[in-house]
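Q: Chain by chain, the residues run as shown.
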Amino acid sequence: MIRNIAILLVFQLGGEMLARGAALSVPGPVIGLGALFVTLLVVPGLAERMRDTANGLLAHLSLLFVPAGVGVTAHLATFAEAGLALAAALVGSTVLAILAGVGAFLLTARLTGADGDE
Amino acid sequence: MNDPFQLWSYLAQEPLLWLTVTLAAYVIADRIAAALDEHPIANPVLIAILIIAAVLGLSGTPYATYFEGAQFVHFMLGPATVALAVPLHANLGRVKRTLAPMAVALLVGSLTAILSALGIAYALGVRGETLLSLAPKSATAPVALGVSEAVGGEPSLTAVLVILTGITGAIVATPMLNALRIEDWRARGFAVGLAAHGIGTAHAFRVNSTAGAFSGIGMGLNAILTAILAPLVVTLLF
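Sequence lines, in order, name chains A and B. Our numbering applies: residue 1 is where the first sequence begins, and numbers increase by one. Our numbering applies: residue 1001 is where the second sequence begins, and numbers increase by one.
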């Protein structure tokens, strides 16, 4: 497990160095994700060995968002002033984005014959 | 340390206390969500945030002090993002067959998220830094913070808007898509991931493993696209 976490950190570190070094607007962890994915294509055995660690970490993904979310307590003034408008924007745009995404996916799948899983 | 005040001032300075509170609140929130049969509104992130916010409010602790301890949990977002490569690889066959639907859904969904958030907030009178902080809210936290800073938003406000977006997506997705009788787990997962990033993905993994894998892909791709589109949209509109 420690070895797998070290692998994840190495890819994140490489991603951060590339993102900051080349001043990219894509964040380091996302570059690390892409680089690890390419590595897994080349070394499929690694995917098998990393599976449990990755699934274990992703099973508790929700927990990792809690500290940033508690930041709402530092922005109570903004929410007191514009809370309703922000709530409407968040709910409205999230619903619209999910519907637009699902609709575009299904329509394109039908047009390209990729509909129906398996 | 017989004086309770001394004990408190020791604990309040150490990361241990707030790290423990974060994990304990999450365990309690997870139990509550399970006790309510994973009802969508009983989102564990939302419940944990409410518990911790109440503790901070009652103890008069500033957010910065809390974050000193909680940053260790926050840090794991980076490695978890990298780890998404593993389920993505496991679904390689499916991913190859759905490249075109994913590309179109990504572009349409990402633009819809940015434009509708800015449009609704603007129509309701939100202006300035607060409005700009909304632009990257569908992207995963580390991306959204960087974009917010780049477009003139307030990164710490964006962090909150990102979390609230994720919670909203996790709450509305399942009832809404069930009501619409959409049965394609690939489409469902992908759309939730692109609209509601990691919290949506965490929810998708709880519902269906295919949805979870596609949600992870949607989140990763939209992180990249939002980093490109949000600054463009803001430059064109404002």
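Be aware that one or more of the hints could be misleading.
[Claimed, not checked] Calculated cross-link-like contacts (lysine to any residue; reagent style SDA-like; alpha-carbon spacing at most 20 Å):
1) B:Lys1096 - A:Ile5
2) B:Lys1096 - A:Val38
3) B:Lys1096 - A:Asp115
4) B:Lys1096 - A:Val43
Simulated from the structure, these hints should not be mistaken for laboratory data. Here the structure is a predicted model, which is why all the values come from computation and not from measurement.
Q: Any hints from earlier that this structure breaks? Give me their numbers in increasing order, please.
A: The structure breaks only hint 1.
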